[in-house]
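Residue numbers (this note's numbering), protein chains in the order written: chain A, 1 to 318; chain B, 319 to 701; chain C, 702 to 990.
Hints were generated in silico from the structure; no laboratory data involved. Because the structure is a prediction, the values reported are computed rather than measured. Glycine included, each C-beta is placed from N, C-alpha and C at the ideal position. Among these hints, one or two may not hold up.
In the SDA-like style, the derived pairs of lysine to any residue whose C-alpha atoms are separated by at most 20 Å in a straight line are [claimed, not checked]:
(1) Lys275/A to Lys724/C
(2) Lys979/C to Trp220/A
(3) Lys449/B to Pro407/B
(4) Lys724/C to Leu224/A
(5) Lys275/A to Arg945/C
Interface residues of chain C toward chain A, partial, derived using beta-carbon atoms under 8 Å [what the hints assert, rightly or not]:
(6) Pro832
(7) Ile835
(8) Ile843
(9) Asn846
(10) Ile958
(11) Val966
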Amino acid sequence: MAHDAALASPKAEPGEISSPGSLADPRRTSWPVLMVFLVPALAIYGGLTAYPAVRTIYDSFFTIEGLEVSFVGLQNYRDLLQDETFWVAVRNTFVWAFIAPVLDVATGLLLAVALYAGVPFARFFRVAWFTPVLLSYVVVAILWMWIYNYDWGILNAGLRAVGLGSLAQSWLGNPQLALGALIVTHAWKWAGFNMVVCLAAIHSLPKEVLEAGELDNCGWGAKLRYIIVPMLRPTLLNLYILAFIGKMKIFDLVWIMTAGGPLWATETVSTYVYKRAFNWNTFDLGYPSAIAAVWFGVVCAAVIILNRVLASKERLEY
Amino acid sequence: MSVVTLDKISKRYGSASPVVDAVDLTIADGEFMVLLGPSGCGKSTTLRMIAGLEAISAGTLSMDGRVMNHVPAKDRDIAMVFQSYALYPHMSVAENLAFGLRRRKVGTAEIDRRVKEVGDLLGLGALLARKPSALSGGQRQRVALGRAMVREPMVFLFDEPLSNLDAALRVNTRNELIKQHHRLGSTMIYVTHDQVEAMTMGTRICVMNGGKVAQIGAPLEVYWHPADTFVARFLGSPPMNLFTAPLTRTSEGFGFATPGLTAPLTRWSAATLAPHADRPAVFGVRAEDLHLDRAAAGPGPTGTIRGRAFAIEPLGAETLVVCETALGECTARLPRTVALRPGEEVDLLFSASAAYVFDGATGKAIPADETASAVRGVLRSLQ
Amino acid sequence: MSFTSLFGPRDRGATPMPGLFGKIMLALVIGAYTIYTLGPFLWLATMSVRTTAEISADHYAWPRPFHWEQFRIAWVDSNFATYFWNSAFVVVGAVAVVTLLGAAAAHALARYRFRGNRVIYAVLFSSIIFPPQITLISLYQILVNYNLYNSLFGLMLVYISLQLPLTVYLLEGFFARIPQDLFDAAKMDGYGDIEIFRRIVLPIGMPAIATTLILNFIQLWNEFLFAVVLITDPDKRTLPIGIRAFMGDHFQDIGMIAAGVMISVVPVILAYVFFSEKLIRGMTAGAVK
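Take these sequences, add in the hints, and give me the full structure.
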């Protein structure tokens, strides 16, 4: 229809917007009306997201101690390169951001397939497994600090109960294990999210394909390997990127459970920025601004690269 | 009084060629005007410009002499029934009906009265409390109609309102709409691509093609006197048979005489046809004017189309026979008793008064001369 | 038609398992995972109705008797009432405002064509990936400058900005699917743009709006980082930082911590019980491709 053609046409002629007649076009309105709808949201965005972000980048070229502000150029960035703690934090965050999502997504996928395989009360399990997603990091952190408690935590208590008391650990106190312990905790919270998304994606697959696999006498393992995973690829990649973004920002869990310790074993970029800005006695806001600015760039670049790399692979696939 | 006048109305998007191109149309007070055409011909866009939902790129739209180009849709006092019905899903039937009145500062008592009246009139009385999702397609259609009626607007617009209904319901609703038009006597403009709707409902039909008006006239006038080959084929089912052939001078004046087609042209004077002589012209004859036996073709001179039947389509009341001829395919609507087999050679006869001639270059009809046309009218009435 | 469906109705996608062994394995995995997700939570629930002395004696015993007064003590004596009402004030206020502003912006972006539409959408949407530190330090300075530091109102403003991108993203997707004919019909019925938003878009968008309401509520109810930076006054603490502070001061008082945690979790669990489908749909929207 002619009308549809109008909707598809990419842009109007210059100046048409302001001519009164064009206001009658169904998808146009006057600027004042648009302003009423958009300005409040844009004001909030501009004042509390865009401006602070720009200001943080601007601040990163200064040393800011209370009211004393002095321009230092790139000194903060030069210091950053020499800052061993920063690099430890980057390493930890990268380990977390690249490896943990695999754990999250794989667990989620397996759980989804288990539910899809026709378990009774699937709705109950879906709701039950999703519950940890809703708990705050504070609650999750407290729970798991207790689970990891050396004296009476369920982990050590369980090990002692089955005679493996020698394996009992101070899980969060051991620099070798602390990061792993946090990653497990984080996966506990998020696996249910990945499960629900995978389940929805499996249900939206064309049923005939799975049934065809059945007629070919395909076991669940083979079905997973040859049918579900390839067809769910876009969803799984999407989940991976989502998990990746989440992990690049991780703060709450670490801050409450270990505060970055022991010996910086669980220090992440977020906790380090927080420490430098609000927790150390230096009170310089310029240097943490530089870290934040660098990290902002890294996260954006990583998301763009991941999107490109994973998406281009997908294009080759088909 | 509500006369709607479109004066050289055009619609163009960006720099592309216009979707609606200089449409001239006057819709008289109380008239049921049907805009008919294939999809993409600009009829819906024209309707939406009248509604105020699309800007008018050029030309003037006026109602009762008042220019409406820049009056917003909400102030035009026009009601519209949409193809999708566009019922507000979160409101009950009664609220849907009342929604437009509330805006127009109609008193609560008056709103209730009108909603009840229209509800009763359309048989929606028992459904007033329901949500649209709990209604059948036909009921939704009636609510959409009621929403327009309750407003008592100057002009009603309909954008293919029956196309989402099944066949039986469509006939019922069509009759309902005709009834309401008679009752209200309002000006109505109705867009459709369905020629049956156009023929049965319209006071006049405006056939559109490629954004332009092809012909405006009363339904039978357009049917019997198509202005060009497009209208000739678009109105009528099966469409008019058209053959391009040279117009030649014969013993009795002018006519077609090529392998497969002989047609004496008695409706036209020699003077009318002379400028077209010895050039390709388009000959047309309707499927129902083709016959197997000489008697059925009626008195007077007859023409012949010779071909080979290749598809016999019995429709019950009649049988469609599609023939392969030297000039192309030809469809005849024959009595149900016809006994033809595919592959059989047939001579299809037609009265010379049933012939049409169109200009080979422009496709415009070459109008028959008065006297011949009168004869034809008499012959028609005798049949 | 599937082959199996000839033999009567079955669950969606249900297929016969390879055998008894497979069934038992599946049941074990599912059972173990359910204990793994729900177990810690139930453990927390039992501890919340036991005194710390009882817990120290045996961390895994069933509460006997149920010390419901733990909640009263936490609520009254341990300041959790203050934290709860602070959280409620900030979160309810922020959610109400962000939903209204977000819906208005989402409607404009979904419905109208104008220069810069997609740019605005992309800019808003891309801030979903921003690491919070990029705004955190400056927001601290800005709020200090405008006397909004250490103020619940200031925190509310920040929360509005935090949830705005997600709100616009979710609602834009829904609003864009409302048929244009409804808008045209309302125009013919005499309504202007703003009236149409109020009387057509908001009521029809209610399912999506409800989803974003609950989602925003839970995310802000659980928010920690901005609260801990922007609030220092003990009387203005929200629940997450209140619990964290309480734990810092009373590290050994496990029973009381558990009761406080339960208080903070109850609204979330209630929302989940009543709106689990909406919530799950909202949280997973956009992730399914």
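Now for the hints, and whether the structure bears them out:
no., hint, verdict
1, Lys275/A to Lys724/C, "violated (51 Å)"
2, Lys979/C to Trp220/A, "violated (30 Å)"
3, Lys449/B to Pro407/B, "holds (7 Å)"
4, Lys724/C to Leu224/A, "holds (17 Å)"
5, Lys275/A to Arg945/C, "holds (17 Å)"
6, Pro832, "holds (5 Å)"
7, Ile835, "holds (4 Å)"
8, Ile843, "holds (6 Å)"
9, Asn846, "violated (11 Å)"
10, Ile958, "holds (6 Å)"
11, Val966, "holds (6 Å)"
Comparing the model with each earlier hint shows violations of hints 1, 2, 9; every other hint is respected.
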